[in-house]
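Undergrad: Using the UniProt record's numbering, you'd call the opening residue of the sequence shown number 1 and step up by one each time.
For the record, the hints were derived by calculation from the structure and aren't laboratory data. Any given hint could be a false lead.
Claimed, not checked - SDA-like, lysine to any residue: derived pairs with alpha carbons at most 20 Å apart:
| # | residue 1 | residue 2 |
| --- | --- | --- |
| 1 | K83 | V42 |
| 2 | K74 | V19 |
| 3 | K33 | Y89 |
| 4 | K30 | K55 |
| 5 | K55 | P25 |
| 6 | K71 | P46 |
| 7 | K87 | F76 |
| 8 | K62 | E26 |
| 9 | K36 | I63 |
| 10 | K118 | V66 |
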Amino acid sequence: MDIKVNEASSSSNVLTLHVSVLIAPENVDKFLKLFKAVFDLVAAEPECLFFEVYKSVEEPGKIAWVEHWSKDLKWFMENQMTKPYYKKYLELTEPLFVTPREALILEPLGPEFLVDKKR
Numbered sequence: 001m002d003i004k005v006n007e008a009s010s011s012s013n014v015l016t017l018h019v020s021v022l023i024a025p026e027n028v029d030k031f032l033k034l035f036k037a038v039f040d041l042v043a044a045e046p047e048c049l050f051f052e053v054y055k056s057v058e059e060p061g062k063i064a065w066v067e068h069w070s071k072d073l074k075w076f077m078e079n080q081m082t083k084p085y086y087k088k089y090l091e092l093t094e095p096l097f098v099t100p101r102e103a104l105i106l107e108p109l110g111p112e113f114l115v116d117k118k119r
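Given the sequences, and given the hints that come with them, work out the whole structure.
TA: Next comes the structure, spelled out in structure tokens:
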């Protein structure tokens, strides 16, 4: 993943990633099948606190996901993104991308801006 680590920019010990990809509509099912295999592996990681995938209702082929991690970005890049399963996943899925993957790194503002209700 093309993420630059700037330790000075984060004061949080947790990491939230919002990632999106654009897949040609005819390749979405193929992408999701490949994605599901790595989704299950990532979700099983003890540091992965939350992982949910979405599809755009306005743009066919736009898939996005949110990941919450109990570690910081430096840890994520050095320990998580180096796991062998990412290499195969990226080799198989990147050719399906219509545009480059976009990743947004976020940190929470704090409990005064948090509501977490059961669905």
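Undergrad: Taking 20 Å as the top limit, are the C-alpha atoms of K36 and I63 close enough?
TA: 13 Å, holds
Undergrad: Is K87 within 20 Å of F76, Cα to Cα?
TA: Roughly 15 Å separates the two Cα atoms, so the pair holds.
Undergrad: Does V19 lie within 20 Å of K74 when you go C-alpha to C-alpha?
TA: 17 Å, holds
Undergrad: Straight-line Cα separation of K33 and Y89 no greater than 20 Å?
TA: 11 Å, holds
Undergrad: Are the Cα positions of K118 and V66 separated by 20 Å at most?
TA: It holds: about 17 Å lies between the C-alpha atoms, which stays within 20 Å.
Undergrad: Is the Cα-Cα distance between K83 and V42 20 Å or less?
TA: 10 Å, holds
Undergrad: What's the verdict on K55 and P25, does the C-alpha distance respect the 20 Å limit or exceed it?
TA: Status holds; Cα separation ~11 Å.
Undergrad: Does the alpha-carbon distance linking K30 and K55 stay inside the 20 Å limit?
TA: 14 Å, holds
Undergrad: Is the Cα-Cα distance between K62 and E26 20 Å or less?
TA: Holds, at about 12 Å.
Undergrad: CA of K71 to CA of P46, is that 20 Å or under?
TA: 10 Å, holds
In this structure, none of the earlier numbered hints is contradicted; all agree with it.
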